[in-house]
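**Student:** If you want the building blocks of each chain, they are given just below.
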Amino acid sequence: MTQTPTAPSPDAPAGTGRPSFAVWKFASCDGCQLTLLNCEDELLAVAGAIRITHFPEATRAHDDGPYDVSLVEGSVSTPEDVDRIHRVRAVSRKLIAIGACATSGGIQALRNYTSLDRLSPLVYAHPEYVASLERSTPVSAHVTVDFELRGCPIDAGQLVEVIAAFLQGRRPRVPRYSVCAECKRRGLTCLMVAHGTPCLGPATQAGCGAVCPGTRRGCYGCFGPQDAVNTAPLAERLVALGMDRRDVARAFRTYNAGAEPFRRESLRQEEATPR
Amino acid sequence: MSPLKSGSHLLEVGELARVEGEGAMRVVVLDGEVTLVELRITEPPRYFEGFLRGRAWTETPDLTSRICGICPVAYQLTAVQAIEDACAVALPDELRRLRRLLYCGEWIESHALHIYLLHAPDFLGYDGAIEMAADHRGLVERGLRLKKAGNAILTTIGGRAIHPVNARVGGFHQLPTPADLRRLRPDLERGRDDALATVALVGGFDFPDFEQPHEYLCLRGPDGYPLESGSVVTSSGGAFAVQEFTEHVHEEHVARSHALHSRLDGDTVYAVGPLARYTLCSGQLSPLALEAAREAGLGAVCRNPFRSIVVRAVELVYAFDEALRLIDSWQGAPVAAVPVRPRFGEGHGATEAPRGLLYHRYRIDTDGTVLDARIIPPTAQNQASIEADLRAFVQPRLHLSHAELTHDCEQAIRNYDPCISCATHFLDLRLDTR
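Here the protein sequences line up with chains A and B, keeping their order. Position one of the first sequence corresponds to residue 0 (numbering that gives the first Met the number 0), numbered consecutively onward. Position one of the second sequence corresponds to residue 0 (numbering that gives the first Met the number 0), numbered consecutively onward.
Next comes chain B alone, as it looks inside the complex (with noise of 0.2 Å):
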């Protein structure tokens, strides 16, 4: 196909491959000039925050973790969080530390099946891992048994891998007991050493000279780097709480998408997800996990998009170090629930799902009813951050052919790891050259 760079020109992918969920791409080049390019997200409308209205408080966890079945258990963790903030109840540190490391599970699983199932085929030039199997059976076979001692965690605790069973509001309905836990022990530990091995395949692939200058947004608290728990900070030093979130982050509807696009304080296009959690907080990072970022090449900040593969894998050593950290010091706990009861207010939760910040808000009536409800999932988040790369990235490659540029942009897409199932509330690529 011939390149793109004279005469005007539309690029399109019409079905994003390897994301989660459905979205396509339009890239609109007049005269040899970006002027347009626009994320659609094309997933069907499924209205949660609508049929959230009339639920019962306790019901939260379970459905919204419907919206996605990547991250159920980050929409369980925050929805919790946000009815107990609701209902002024703190958790005993044992259930928190526990719902900690059911979400490690959550995080190896995704951050396994990303690396290696969704992004590494990328780089090494595959259409997917089953065709990457063919050459490379191993690291695909690592793949898998990483996603799998996550699952195991998942299982082990949650009951089982997809839309867990075990996280309710006050804690959990049963309680794993520490023999439960330590014979996830030998697989975590197996899948340290894998995810180190990662992290140096992945940190040797070929990334194009290409950096952002995104806001980044996170959580940060004092309980070790961003999970479940935390309040708001910024890379230009914002920092707020939680409960703030709606009065510094701005959602809009735009035609070309059903999902909303978030701004930030005003007009500030922000991204979140690894790059904002590894340049705001690396510093929390295990010693494990810092040594093999630097080994990968990682600086404290890491501004281009591409490398957040190598930050992902740099997770996922944390992750594993986090559980294994966490399955040695639990010794059980007095109850598996503190006992929570309703009252009229309003709660918000965030946590830090895989693919970045989670926002829920609840108001609930004296009985538990949810008068309203709203979510800010990381991809919706992150539509603007994607554009805005797309743009960049796009203009000085427009004498690619159209197959190899479109190549190209998918691969900038799947740098976020987007989850157009939760944002729907995304992907096929069209290059529009007039």
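If we strip away everything but chain A, and leave its shape as in the complex, we get (with noise of 0.2 Å):
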């Protein structure tokens, strides 16, 4: 599926002074591009340091590019959507990937489970007028991204960070661990270990700051896998704890269903279900 991208230019212009932005969408929520609407104490800020060229849901204002940086959010789903994002990449000097659709195909992505022809009939009387992709993929499916936010949603204190980091040239300085880290520095009681409730925390990438256990719930994986997951013990565990298997394979299954380790679980789950 990995196609060649189109290369920016490498003498794109930066424009004068302040750099460029893009905000792009896909099929999603639009619930991460609000995120940066959202950040309400530092968006006149951002918003002085850089240039907003290209963003739908906020301005009118439009220039064709190039863009120094291009923040993208949603998954690629249609045939249309496969010939946009070539055409973002080859305008974006920079391309950010933000939040799960476009990180690993959204919730979305349940459809690759399935069929079209399935589905489709079951939201739409007239499917032939629907033109949609078999299957909802992440942007690094396509083209070359350059980093990848990830979240259902992205965190604002993340994506300033995101921000600052490619303004100032240097690497976003994002975790790669799993939730426990972000418990453990919370001082929160570990719910699997004192209650016995189900947690997707040991397998999921930090970030949210422990939203779900700070609640007395369990993690329910919006952040995508951590980057050195091991997901079947964690299985094995939900099990014993008296999960079903079906109930297991759905809590892979889900903002971040496409996302290869949680895939390979929530299969492995399923085929392990009793019938």
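It should be emphasised that the hints constitute simulated quantities derived from the structure, not laboratory data. If you're wondering where the values come from, they're calculated on a predicted model, not measured in any experiment.
Straight line, CA to CA, 16 Å or less: simulated EDC-like cross-link-like pairs of lysine to aspartate or glutamate:
id, chain 1, residue 1, chain 2, residue 2
1, B, K147, B, D193
2, B, K147, A, D40
3, A, K93, A, E147
4, B, K147, B, D192
5, B, K147, A, E41
6, B, K147, B, E188
7, B, K147, B, D186
8, A, K93, A, D145
9, B, K147, A, E39
Both chains are given apart, each in its own frame, so use the hints to dock them into the complex.
**Tutor:** This is the structure:
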């Protein structure tokens, strides 16, 4: 599926002074773009440091690029999307994929486990009016991505860090460890150890600030698999806690259903489910 | 650019800005007569109703919240209501009030976003809020402050602003303490003052003389201005239970849109959202919100879609008032959630999302597996009224330049705060003159 990206022109004009930013939307809920507008304390300062030259959700103003940085929200899910993501790549010096849709195919990648022939008639009276790809895929399946920011939704603090890092020409400081480390840092009692509450925290990348355990609920994996993930022992622990394998399969198959480690584990659990 | 009145034209907006999601508009003018108006929802389909089949009943609030990042609480609270209806469970008053408070947070965040960042730039002549901030920094800062106050409610109760995590079937995962909620008070009191200033600001905008006869539809109930509960009422005197929703509302799939079009009782074009709620339920507004509405020149009925920004601002005052009332009366609850056992059956839920009534229906199996799901979002219901507005609006304005007319049409669409991400199952303006 990976295709050779259209290389951005190395001498693409950075513009004079402030770098230009574009925000693009593919299949998504708009929540990750909204995260930018939700940086209420930083928005006007950020907007002062950059030039927002394409951001349809926020402004009618638009220039045709090229852009120094493109933030891409959403997954690639229609034939038109495939063409468009290549065009976006071609006019972007740096391309940052934001959110679970752009980095793993999103919740709409649940379709990847079935067929559109089966799904479409459940929603549309005339499936023939709808142009859709059989699979929902992350941006990286189509073009080179310079950085992936995870989360469903992304975290506002991490987004500001990523934008600042690109402005300063450095690598973003975004943790790659698991949610467990965030629980420890917050001093939260481990829900799984202390209360037997099923939790995907050990397999899930940090970044949310352990929001679910902080609400006395097990992590549901919305930041996707952490880098050195080992899902199998966690899955067995969930079964030992009394979850049936069908529910374990469902747990790994949500907002990052297309992320490979979660996909594999959900299939393994599905196969092991007694029928 | 030359006026469009003579001859035949195509007005096209290929990508509608300052709406949530992707949509386009196309207007065909034949010999100076508007012959066709099409709102095209081009947002990619995501097949929620399809993949909900086979999921667990308890997963519906979090899964469906991903339909919309602007109004996730609307999805969560409508889903839990439908599941609880299927399982014949009623929530204690305390938990219902906490849901209402959570919903107030979403109304504040969403209305402040739409008023200040998406819609006000139309009235003040800017491309967007960032551009507007160069001349009106204080205004944009006020909008952001309002948004932040709404997000603070969402974060305090829900854990985070977008896709909060605390709502569940049966109640909540964890209850906030009275002290947690009281900490919100100073920002909400300032927010209420900012909301009153917002009504005064937007009440002074210039509005086109434009009224529409749409049927209005919203929820109404005994617990105050419609938010998280109630049964359905219409402006022609119709009244029915949420359980009967699909007996009255019919959806149609048209080629130009990935969002299904809704009609009420046969072929009636109807509108949901702030104008419907205000016209049918203004008597339930708080005294402060009602007084602000009167001072801004709103009568008992509002039929000018361009004035929706004023109604939205009045609802903002109400949401702050209501949030403060709910916080002051919060003394905790005996349990965070009541036990719910799945059972075979069908359940219905409806709540007032910021942009109008949202309906969910689920059929679940004895073990809680979802057998069938149906979701009717507000923007899908408003498509026909948006198209009707454009048809009536464009004809007398064909003397305008293409750029001016395009801009005015976009504004007419933004009157509905369309959420295209929700409806897809939205916008580009194309004016086709032939």
